[in-house]
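Engineer: One-letter residues, chain by chain:
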Amino acid sequence: MSKTYNLTTPLTKEDTQKLKAGDIVLLNGTIYTARDAAHKKLVDLIEAGEELPFDLIGSIIYFVGPTPPKPGEPIGSAGPTTSYRMDSYSPTMLKNGSLGMIGKGKRNQAVKDACKEYSGIYFGATGGAGALLGKKITSAEVIAYPELGPEAVRKLTVKDFPVTVINDTFGNDLYQIGRAKYEVKD
Amino acid sequence: MREIQYQDVVTAIKNVIIHCGTILPDDAYKAIKDAHDNEKSPVAKEVLAQLLINADIAKDEKRPLCQDTGLAVFFVNVGADCRIIGGLLRDAINEGTEQGYKDAYLRASTCEPFSRANLKDTVGYNLPAIIHFDIVAGDKIEVEYAAKGGGSENVSRATVFPPAAGKAGIIEYVKQVISDAGGNPCPPLTVGVGIGGTFEKAGISSKHALFRTIGSVNKDPEMAEMEAEIKVELNKLGIGTMGMGGIETVLAVHIESNPCHIASLPVSVNVQCHSSRHAHITI
Chain X
1 MSKTYNLTTP LTKEDTQKLK AGDIVLLNGT IYTARDAAHK KLVDLIEAGE ELPFDLIGSI
61 IYFVGPTPPK PGEPIGSAGP TTSYRMDSYS PTMLKNGSLG MIGKGKRNQA VKDACKEYSG
121 IYFGATGGAG ALLGKKITSA EVIAYPELGP EAVRKLTVKD FPVTVINDTF GNDLYQIGRA
181 KYEVKD
Chain R
1001 MREIQYQDVV TAIKNVIIHC GTILPDDAYK AIKDAHDNEK SPVAKEVLAQ LLINADIAKD
1061 EKRPLCQDTG LAVFFVNVGA DCRIIGGLLR DAINEGTEQG YKDAYLRAST CEPFSRANLK
1121 DTVGYNLPAI IHFDIVAGDK IEVEYAAKGG GSENVSRATV FPPAAGKAGI IEYVKQVISD
1181 AGGNPCPPLT VGVGIGGTFE KAGISSKHAL FRTIGSVNKD PEMAEMEAEI KVELNKLGIG
1241 TMGMGGIETV LAVHIESNPC HIASLPVSVN VQCHSSRHAH ITI
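Chains X and R supply the protein sequences, listed in that same order. Every letter in the first sequence is one number past the one before it in the numbering used here, and letter 20, counting from 1, is 20. Every letter in the second sequence is one number past the one before it in the numbering used here, and letter 149, counting from 1, is 1149.
Just so you know, the hints here were simulated from the structure itself, not pulled from any lab data. From a predicted model like this one, the values you see are computed outputs, not experimental measurements. Among the hints, erroneous ones may be present.
As the list claims (entries may be wrong) - Each computed BS3-like pair below joins lysine-lysine, with the alpha-carbon atoms no more than 27 Å apart:
| # | chain 1 | residue 1 | chain 2 | residue 2 |
| --- | --- | --- | --- | --- |
| 1 | R | 1040 | X | 20 |
| 2 | X | 135 | R | 1062 |
| 3 | X | 155 | R | 1062 |
| 4 | X | 13 | X | 40 |
| 5 | X | 181 | R | 1045 |
| 6 | X | 3 | X | 116 |
| 7 | R | 1120 | X | 40 |
| 8 | R | 1120 | X | 70 |
| 9 | X | 135 | R | 1102 |
| 10 | R | 1102 | X | 136 |
| 11 | R | 1014 | R | 1062 |
| 12 | X | 155 | R | 1175 |
| 13 | R | 1175 | R | 1231 |
| 14 | X | 70 | R | 1102 |
| 15 | R | 1175 | X | 159 |
| 16 | R | 1040 | X | 70 |
| 17 | X | 116 | X | 13 |
| 18 | X | 18 | X | 181 |
Bound conformation, chain X alone (with noise of 0.2 Å):
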């Protein structure tokens, strides 16, 4: 049975281990986006160890590029990409002490035995819902990279920010356990 969880940021393997797919959760606290061309510049400074924009463990990243901020607005809207395109980074990210991703659509293999390797958890957020999303964050800083625009990195704010977990730390993935489940065979 899917259980409704509040987790603050930054997240501990306490949080993360209690986790099943299926679970709904409300985040709060601070999270921090990047979609392609960070991960690759992230990456490439952990692999040169180098210092990141950001502390890494116990973190949330966000698979993310908001729409402009109206005036007085703190973000725009902002619902999840599609998240095999970090695959090839995530694993890196979750070695290094992240514990959370926020994306949509399914991760591969190694992605998932991560999240299982390193106690993180892979969180599905409602795509084209970015109007409702956005409207749960509550502040945001360009924190890295503000030459890639939509892309730079982030540091938001949200407030009971509503995502499902899809990839646990059992190695439960929540896109084969509800296709299977609805899947009319001839």
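Here the structure of chain X is known, so what remains is to put chain R in place on it, guided by the hints.
Structural biologist: Just chain R now, with coordinates in the frame of chain X:
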């Protein structure tokens, strides 16, 4: 010969872009509502409810429906008895696109293919628009517009079958494309299928098929039947909303079929996410 002012085209295009960025069209809203009412998976039903709330927030607060505000895609049927005064039609469409995307705080999503440099300060804000022109009878300009997101475009596919593949081969191919895509293109989907013509004609037809009103019946009874059959097959896949499992994976299948070469059976599958932002205007 009717004369149409360049600036009037710019304004009309700008307005349609602002409208589509923030207001989900009635056909898409109704289709998601129907899917919500019919869905058996509690998780999928909850997410479909979120999509309806999202559409309401976007409309009420003039916020973009989705952060992927798409590439601007146009099918433009230009009446042979009209002309643009003060500039080129293509330039007017691009100018209106840029103004609309900027004014509504939509995202600039065009980039150079290899350096990935954003084109907003060089070519223009979310430019160039993708424009398909045709010349038709009359003195009006018919514009069909859609904001096309990247996630669903990324899973679209095309191939050229030998004629023996027939309808069965096409249905199997569409099933494979949607099955492989899973939750990545943000289901529930509209699936555009272009059949026949040449390689590129099938592709353009599959795109154009997505502009049709969701839930409308194909004028060709044979294609209407095939659309219904494919929809049933795709919903058996169990992918569900956002891939989380469910019985509502596809809102509609739209087919456009064309005459083709005696040696070929081209087929293209263009996928549209649930945020089907499209409109039709007459200038």
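Engineer: Residue 1014(R) and residue 1062(R) were given as a pair; does the straight-line alpha-carbon distance stay at or below 27 Å?
Structural biologist: 15 Å, holds
Engineer: Regarding the pair residue 155(X) and residue 1062(R), is the alpha-carbon distance no greater than 27 Å?
Structural biologist: 25 Å, holds
Engineer: Check whether the Cα positions of residue 116(X) and residue 13(X) lie no farther apart than 27 Å.
Structural biologist: 11 Å, holds
Engineer: Please work out if residue 135(X) and residue 1062(R) have their alpha carbons no farther apart than 27 Å.
Structural biologist: 13 Å, holds
Engineer: Run the distance test for residue 70(X) versus residue 1102(R): straight-line Cα separation, threshold 27 Å.
Structural biologist: 11 Å, holds
Engineer: Mind checking the alpha carbons of residue 1040(R) and residue 20(X) for me, to see if they're no more than 27 Å apart?
Structural biologist: 21 Å, holds
Engineer: If you draw a straight line from the CA of residue 13(X) to the CA of residue 40(X), is it 27 Å or shorter?
Structural biologist: Holds, because 26 Å separates the two Cα atoms, which is no more than 27 Å.
Engineer: Given the hinted pair residue 1102(R) and residue 136(X), is their Cα-Cα distance within 27 Å?
Structural biologist: 23 Å, holds
Engineer: Going straight from one Cα to the other, do residue 155(X) and residue 1175(R) come out at no more than 27 Å?
Structural biologist: 40 Å, violated
Engineer: Tell me if the straight-line CA distance from residue 1040(R) to residue 70(X) falls inside 27 Å.
Structural biologist: 38 Å, violated
Engineer: If you draw a straight line from the CA of residue 3(X) to the CA of residue 116(X), is it 27 Å or shorter?
Structural biologist: OK: residue 3(X) and residue 116(X) at ~20 Å, within 27 Å.
Engineer: Going straight from one Cα to the other, do residue 181(X) and residue 1045(R) come out at no more than 27 Å?
Structural biologist: 15 Å, holds
In terms of the numbered hints stated before, the structure departs from hints 12, 15 and 16, listed from lowest to highest.
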